[in-house]
Amino acid sequence: NAGVMQNPRHLVRRRGQEARLRCSPMKGHSHVYWYRQLPEEGLKFMVYLQKENIIDESGMPKERFSAEFPKEGPSILRIQQVVRGDSAAYFCASSLRLDRGYGYTFGSGTRLTVV
Amino acid sequence: QQPVQSPQAVILREGEDAVINCSSSKALYSVHWYRQKHGEAPVFLMILLKGGEQKGHEKISASFNEKKQQSSLYLTASQLSYSGTYFCGFHYGGSQGNLIFGKGTKLSVKP
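Protein sequences appear in the order of chains W and R.
With our numbering, the residue at position 57 of the first sequence is 57, and numbering never jumps.
In our numbering, each residue carries its 1-based index in the second sequence increased by 115.
Next up, chain W with everything else stripped away, as it sits in the complex (with noise of 0.2 Å):
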């Protein structure tokens, strides 16, 4: 089992570029998860998506960030025009339901710098 993968590792984009984080979830997991992580802080969260569906985005910023889960590929997770702000680890985690005593898990993280 391969776990949950994500690509890439770094990401360097310069001020107003677009940010593509991609995750593809553990095998038989239909459940996506999106935390955000400053340095030295918490995991926030951001976006959960089932296939093809978003269940909760509360935690998105509500201009330029989106995010997808389509029917074939991995989950998306899309940053337009980077602002410095933006740079941080995003980390995506998969699950089987939560509320049948199933936990998260993560992803290695895509480290995002702006320059």
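Calculated directly from the structure, the hints in this document are not laboratory data.
Mixed in with the good hints there might be a few duds.
Distance condition first, Cα-Cα at most 20 Å in a straight line; then the derived SDA-like pairs of lysine to any residue [what the hints assert, rightly or not]:
1. K218/R <-> R97/W
2. K221/R <-> L38/W
3. K44/W <-> G199/R
4. K44/W <-> S139/R
5. K165/R <-> L96/W
6. K44/W <-> S140/R
7. K221/R <-> I55/W
8. K141/R <-> M60/W
9. K152/R <-> R111/W
10. K174/R <-> Y207/R
11. K221/R <-> K182/R
12. K152/R <-> G103/W
13. K218/R <-> M60/W
14. K152/R <-> L96/W
15. K44/W <-> Q123/R
16. K165/R <-> R97/W
17. K218/R <-> G130/R
18. K141/R <-> S58/W
19. K182/R <-> Q116/R
20. K174/R <-> G130/R
21. K44/W <-> G103/W
22. K221/R <-> V134/R
Beyond 12 Å from chain R on every Cβ pair, some chain W residues (computed) [to be verified]:
23. R13
24. R14
25. P61
26. K62
27. P70
28. E72
29. P74
30. Q81
31. R100
32. T105
33. V114
For glycine and all other residues, C-beta sits at the position ideal for the given N, C-alpha and C.
Chain R: place on chain W using the hints.
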């Protein structure tokens, strides 16, 4: 609602014990505990479901007091490998399908 997690940081000598606490102001469905080492992904430790229970994992165990909506993580006879940041994650159930994490407790175990 973000869990209130304490302490923020702990420094231990090998073999010493530590307790990390998390509390909620509203009813919880389950509590999850994770450990993150510097530059790495968080790693799952254990889940405690409502109903009040205690679980163990080697020398790391946890409790969940449903009446008080509090959970504690116990690290006994700490080892160097226990160093890292520990996060509690709260699942409130119902329409909320994701975990809300506390700010973390940085644990440093010295030889």
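Do the hints match the structure? See the list:
1. K218/R <-> R97/W: Cα-Cα ~24 Å, so violated.
2. K221/R <-> L38/W: Within the cut-off at roughly 15 Å; holds.
3. K44/W <-> G199/R: Given that 20 Å is the threshold and the Cα spacing comes to 18 Å, the pair holds.
4. K44/W <-> S139/R: holds, 17 Å
5. K165/R <-> L96/W: Holds - the C-alpha atoms of L96/W and K165/R are around 18 Å apart, at most 20 Å.
6. K44/W <-> S140/R: holds, 19 Å
7. K221/R <-> I55/W: Distance of about 32 Å is beyond 20 Å: violated.
8. K141/R <-> M60/W: Violated: K141/R and M60/W sit about 23 Å apart, past 20 Å.
9. K152/R <-> R111/W: holds, 15 Å
10. K174/R <-> Y207/R: Violated, because 27 Å separates the two Cα atoms, which is more than 20 Å.
11. K221/R <-> K182/R: At roughly 27 Å apart (the allowed maximum being 20 Å), K182/R and K221/R break the hint.
12. K152/R <-> G103/W: holds, 18 Å
13. K218/R <-> M60/W: holds, 19 Å
14. K152/R <-> L96/W: violated, 24 Å
15. K44/W <-> Q123/R: The given pair, whose Cα atoms are some 17 Å apart, holds under the 20 Å limit.
16. K165/R <-> R97/W: holds, 16 Å
17. K218/R <-> G130/R: violated, 25 Å
18. K141/R <-> S58/W: holds, 19 Å
19. K182/R <-> Q116/R: This hinted pair holds, its Cα atoms lying about 18 Å apart.
20. K174/R <-> G130/R: Roughly 11 Å separates the two Cα atoms, so the pair holds.
21. K44/W <-> G103/W: holds, 17 Å
22. K221/R <-> V134/R: With Cα atoms ~12 Å apart, K221/R and V134/R stay inside 20 Å; holds.
23. R13: holds, 20 Å
24. R14: The assertion about R14/W holds, with a minimum of 24 Å to chain R.
25. P61: holds, 17 Å
26. K62: Check passes; 18 Å lies beyond 12 Å.
27. P70: holds, 19 Å
28. E72: holds, 23 Å
29. P74: holds, 17 Å
30. Q81: Nearest chain R Cβ is 26 Å from Q81/W, so the label holds.
31. R100: Violated, because the least Cβ-Cβ distance between R100/W and chain R comes to about 10 Å, which does not exceed 12 Å.
32. T105: Violated, since 7 Å does not exceed 12 Å.
33. V114: holds, 19 Å
Against the hints set out earlier in the document, violations occur for numbers 1, 7, 8, 10, 11, 14, 17, 31 and 32.
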